[in-house]
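Student: Okay, here's what each chain looks like letter by letter:
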Amino acid sequence: MKRRDFLKLGLITVAGLTLPLSAFELLTPEALASLRKKERKGRRWGFVVDTTRCVGCGMCVKACKLENEVPFEANVSRTWVERYVQLKDGEVIIDSPKEARYGYIKNDPQGREIKEEEIVKGFFVPKLCNQCEKPSCVQVCPVGATYKTEDGVILVDRSWCIGCMYCIQNCPYGARFIHPVHNVAEKCTFCYHRITKGMNSACVDACAFGARKIGDLHDPNSEVYRIVNTQRVMVLKPEFGNEPMVFYIGLDYIVR
Amino acid sequence: MSHAWRPLFVVIGVFILFLIVRAALVPADFVAKNGDYKYQWHRLGNEEEWKNFKVKYKGMQYCGECHDDQYEAITSSKHAKVQCENCHGPAIDHPEDPETLTIDRSRSLCLRCHAKLPYRPSTYYGLPEGPIRLAMQDPDEHNPDMECVTCHDVHRTEFKEDADF
Chain G
1 MKRRDFLKLG LITVAGLTLP LSAFELLTPE ALASLRKKER KGRRWGFVVD TTRCVGCGMC
61 VKACKLENEV PFEANVSRTW VERYVQLKDG EVIIDSPKEA RYGYIKNDPQ GREIKEEEIV
121 KGFFVPKLCN QCEKPSCVQV CPVGATYKTE DGVILVDRSW CIGCMYCIQN CPYGARFIHP
181 VHNVAEKCTF CYHRITKGMN SACVDACAFG ARKIGDLHDP NSEVYRIVNT QRVMVLKPEF
241 GNEPMVFYIG LDYIVR
Chain H
1 MSHAWRPLFV VIGVFILFLI VRAALVPADF VAKNGDYKYQ WHRLGNEEEW KNFKVKYKGM
61 QYCGECHDDQ YEAITSSKHA KVQCENCHGP AIDHPEDPET LTIDRSRSLC LRCHAKLPYR
121 PSTYYGLPEG PIRLAMQDPD EHNPDMECVT CHDVHRTEFK EDADF
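Listed in order, the protein sequences are those of chains G and H.
Residue numbering for the first sequence follows the working numbering, starting at 1 and increasing by one per position.
Residue numbering for the second sequence follows the working numbering, starting at 1 and increasing by one per position.
The set of hints was computed from the structure by calculation and includes no laboratory data.
Cβ atoms here follow ideal geometry from the backbone N, Cα and C, with glycine treated the same way.
Please note: incorrect hints may appear among the correct ones.
From the structure, some residues in chain G lie toward chain H, with a derived Cβ separation under 10 Å [stated by the list, open to error]:
| id | residue |
| --- | --- |
| 1 | Lys106 |
| 2 | Asn107 |
| 3 | Lys148 |
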C-alpha cells in the first residue's frame with residue numbers, strides 16, 4: 001500500500017474509533033428529555049431547621065449515630081450542631097465539640113472561658129446533608145457510586161465506592177466523610193430507610209424542641225411545604241449553586 | 001501483510017479485552033436512570049438495599065405498648081415530646097435484644113437541655129398547651145454534688161415525693 005493511502009485509511013479508522021456506538025445513547029428520548037429542565041412531579045424530600053428553637057442538646061447527633069451505625073466515639077457524624085457566639089469586639093467564635101454528640105453543657109466556645117458580659121448573641125445551628133437538587137458531590141464521583149434518588153435523596157453505594165474522597169472534597173457543606181468501619185464515603189441519608197416507611201428521620205424524632213422537620217416539599221399538606229412557602233427561610237451557601245433542600249429559619253449572616 | 005499493522009491490532013485487542021472485563025464486572029443494573037448521567041448514574045439495586053437498612057429507634061408508642069405507666073405519665077408531663085429512647089437508647093429488638101435498656105441517672109444527661117447558657121433559648125414551644133419557660137439551672141450552683149433524679153421525677157416533671165430539701 002502506498003504511504004498516502006495508509007495514512008488516509010489510518011485517519012478514517014481513528015476518526016471512526018472515536019465514535020463508539022454507545023455515544024449514540026445520548027440521542028435516546030430519555031436522555032434528551034433529561035437535558036431539558038422540567039418540573040418533576042412526585043415526592044421530593046425536604047428539611048426545615050428552626051435555629052431559634054435549637055438549644056444545643058445534641059440528642060439529634062446521638063440518635064443519628066446510633067440509628068445509622070456510625071461509631072459513637074469516632075469524630076465523624078452524619079449530622080452535627082455548631083455553636084456561634086458573637087462577642088462585643090466583633091469576634092465570632094464557632095465550635096462543634098465532638099459534633100455535639102454529648103450536647104453543650106458549658107459556656108466554653110472553643111474551650112475558652114467567655115464572660116457573659118462579652119457576648120452579644122449566640123445560637124446553635126444544626127447541620128446535615130442538604131440533599132441538594134444539583135449535588136456537586138454526585139457530579140464528581142468518578143465511578144458512579146453516589147447518586148440522587150427520584151425522591152431527591154443522595155445515597156452512596158457502599159459496594160461500589162472506591163474511597164477516593166473526591167465527593168468529600170467537593171461538598172461545600174462538609175457533610176461527607178469516610179466511614180471508619182466501611183472505609184467508603186458516608187453521609188446523611190435523611191434516614192432513607194425510615195422515611196420510605198412513613199417514619200421520621202431519627203434526628204427529627206429525637207428533637208424534643210421541634211427544631212428539625214422533614215417532609216415532602218411537593219405535598220401542600222406537609223409542614224415543610226407550609227413553612228418554606230409562607231415563612232422567611234434561608235439556605236446555607238446558596239452561591240455554590242447546589243440548590244440545597246434544607247431550609248433554615250433564623251439563619252444569621254455570621255453563619256458559615 | 002505489513003508489520004506496521006501490528007500496533008493497531010494490539011490496541012484493538014486491549015480495547016476488546018477491556019470491554020469483556022467491563023461486561024463481567026459491572027452489574028447489569030448499573031444504568032443512568034432517566035438517561036441522567038450527571039446525577040442518577042448508579043447500580044439500581046442499591047436503592048432497595050438502603051431501604052432495607054435496619055431501623056433501631058422504634059419511637060415512644062412502641063415503648064408505651066408494654067411500659068404504659070411511664071408512657072401515660074410522660075405524655076401528660078412537660079417532657080411529653082422527649083422520646084424515651086433519647087435517654088434510654090434505641091430499642092432495636094428490645095425486649096429480645098437488648099433485654100434491658102440503660103437507665104442513665106447522671107447529671108450530664110439532664111444538663112444537655114437544662115444547663116443555663118447565656119445563648120440557650122429560654123422558651124419551650126413543644127407542648128400543645130403553648131409556650132412555657134424552659135427551666136435552666138447553673139450546674140455549678142444548683143446542688144453540684146447530687147444526681148438530678150434525687151429530687152426530680154423525670155417522667156412526671158415534678159419533684160419526687162420523698163425529695164429531701
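Student: Of the hints given before, which are not true for this structure?
Tutor: none
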